[in-house]
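Student: If you read the sequences in order, they're chains A and B.
Counting from 1, position 155 in the first sequence corresponds to residue 155 in my numbering; the numbering is continuous, with no gaps.
Take the position in the second sequence, starting the count at 1, then add 263; the result is the number in my numbering.
Just to be clear, a hint being listed does not mean it is correct.
Straight line, CA to CA, 30 Å or less: simulated DSSO-like cross-link-like pairs of lysine-lysine [claimed, not checked]:
{"hint": "1", "chain 1": "A", "residue 1": "LYS252", "chain 2": "B", "residue 2": "LYS323"}
{"hint": "2", "chain 1": "A", "residue 1": "LYS9", "chain 2": "B", "residue 2": "LYS434"}
{"hint": "3", "chain 1": "A", "residue 1": "LYS9", "chain 2": "B", "residue 2": "LYS428"}
{"hint": "4", "chain 1": "A", "residue 1": "LYS252", "chain 2": "B", "residue 2": "LYS428"}
{"hint": "5", "chain 1": "A", "residue 1": "LYS7", "chain 2": "B", "residue 2": "LYS312"}
Quick look at which bits of chain A chain B covers, simulated, 3 or more residues with Cβ under 8 Å [said to hold, decoys possible]:
{"hint": "6", "segment": "12-21"}
{"hint": "7", "segment": "236-246"}
Derived by calculation from the structure, the hints in this document are not laboratory data.
The C-beta atom is built at its ideal place from N, Cα and C for all residues, glycine as well.
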Amino acid sequence: MLSKTSKDKFERLSYAAVSMAGLFFIWWGVTALGWVSPFVLPPPWEVLDALDRISRGYMGGNLWVHFSASMSVVLSGYVLAVIVGVPLGMAMAFLPVVNRLFGPLIMILRPVPPPAWIPLAILWFGIGLSGKVFVVFVAAVVPCLLNAYLGVMETPRKMLDVARMLGASRWTVFREVVVPSALPILLTGMRIALGNAWATLVAAELVVSTAGFGFLIINGYHTFEDSIMAAAMFPIALIGAAMNIGFLILEKRLVPWRRETTE
Amino acid sequence: MLNGATDNSASVARFTVWQGWKRAVGASTTWLSLVFWVAVWFAVVVSLKIDQSLMPTPVKVVEQIAWLWSNQVGAGGLMVHILASLQRFIGGFVLAAFTGTMLGLWMGYSRRADMAINPVFELIRYIPPIAWAPFSILWFGASYGAQIFVIFISALPPILMNAHKAARGIKPGLINAALMMGASPTTILREVALPASLPFLFGGLRLGVATGWMALIAAELVASDGSRSGLGYLVLIGQQTLRPETTIAAMIVIGLFGAAFDIGLQLLQRRIIRW
């Protein structure tokens with residue numbers, strides 16, 4: 001049994017390696033042979049060179065400066081969204097008045113894509129950090145709020161009844177029944193919110209910014225350096241992947257009782 | 264958005280929310296709440312004497328929708344911008360739906376295809392679609408190609424993943440049973456495989472519509488200098504000319520279309536999938 005799974009793993013890995021290597025060689029080949037102009041697709045070595053240039057300092061800072069510029073905005077907006085979204089979502093689930101007041105507002109605002117808020121944010125908060133924090137907040141707050149609401153609402157009725165019948169106080173019911181039942185859904189929402197936040201931040205940085213990875217991309221575009229553009233996309237993908245995978249691990253740790261996702 | 268596509272609970276959430284829509288539209292409290300919020304908006308702007316170049320009153324926004332309809336901004340009137348956005352959206356979405364469904368079904372059918380394509384896909388998936396915008400302007404031009412490519416790359420992951428799930432979700436037992444009863448391959452495809460996979464396919468398409476529409480607006484913001492058309496362009500030009508009423512009017516139109524797509528797909532889904 002064990003040998004079978006390890007064989008399967010080996011097969012998967014080798015297929016992955018071959019297809020990645022193949023893709024890389026196509027990229028390397030068409031650019032080295034001059035089939036594709038370096039102004040359309042930068043050769044791999046130029047991208048590496050660009051990564052090196054960025055890490056040594058490019059457009060007002062090294063890699064760390066751009067990293068912390070992007071990260072500080074995304075985390076501030078995200079934390080704000082969690083602080084506002086989760087309690088509001090729970091309040092909507094517990095108090096019908098709150099639900100009737102905010103529910104329709106959220107339903108109306110929800111179909112407006114977060115990037116559409118970027119210009120208003122610039123208008124209201126200027127081109128500095130606070131405008132981007134606002135846009136990230138808008139992008140992240142809805143999944144937090146909705147999944148907090150849904151998580152509470154989907155607490156099995158029977159469990160609540162049983163707990164009450166056994167004489168649990170409201171606080172005990174909340175802590176011992178509602179929270180454990182709602183947490184998996186809430187955490188999923190928070191993970192989706194983080195992904196949304198990251199994608200929206202990149203969009204905001206493309207539209208207006210003075211530092212950060214999105215800024216590097218759009219700056220490379222304006223100075224006709226597509227190697228910089230490509231080089232900046234790698235850290236964006238890496239950070240996005242790291243945040244998602246990190247959150248998944250956290251979810252497993254925090255909610256080991258989580259039902260396996262229906263396959 | 265990107266990550267939400269992989270999550271079942273996310274699609275469940277969407278579903279319940281729009282179920283909620285239907286109930287909510289009939290409820291008087293919904294309308295009361297909306298009237299309340301518009302009143303708050305109006306009262307805040309008027310009582311705090313907020314500069315009209317920062318935040319217009321709701322009345323002004325409604326007037327602006329009418330004004331945009333009959334006046335030219337950028338490439339034309341409101342209808343021109345709506346049509347430009349729709350054209351781009353449909354182009355990118357149809358491409359993504361076709362490619363995603365084909366690739367996904369193939370990956371579900373052939374283990375080798377799955378093992379070869381999946382890693383590449385995992386890599387691309389984590390790049391926010393909008394990050395492709397500058398490259399896609401370089402490759403396909405700012406007027407249509409760039410936006411179509413960004414929509415394509417954003418709508419592809421959810422459609423592909425759900426098609427993959429759909430193909431894997433067809434139980435071998437069902438197919439064997441059909442085979443045993445002497446069904447032809449076409450019959451199996453029509454009577455077994457398709458009904459079993461359609462719900463997943465639809466789920467993917469709905470997520471694809473949502474992410475694609477969002478990506479379109481973002482792409483139109485980034486490529487606005489080159490195109491001067493589209494609803495995203497209107498949103499941005501409102502800010503640049505200090506006319507937030509244009510920005511908000513365009514956002515309302517964007518939201519209406521986004522909601523209409525989702526409701527339309529849901530109705531279609533209910534009509535086709537009756538089981």
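Student: Confirm or reject each hint.
Tutor: Against the structure, the hints come out as follows:
no.	hint	verdict
1	A/LYS252 - B/LYS323	50 Å, violated
2	A/LYS9 - B/LYS434	24 Å, holds
3	A/LYS9 - B/LYS428	20 Å, holds
4	A/LYS252 - B/LYS428	22 Å, holds
5	A/LYS7 - B/LYS312	71 Å, violated
6	12-21	holds (count 6)
7	236-246	holds (count 6)
Checked against the numbered hints given earlier, this structure breaks hints 1, 5; the rest are met.
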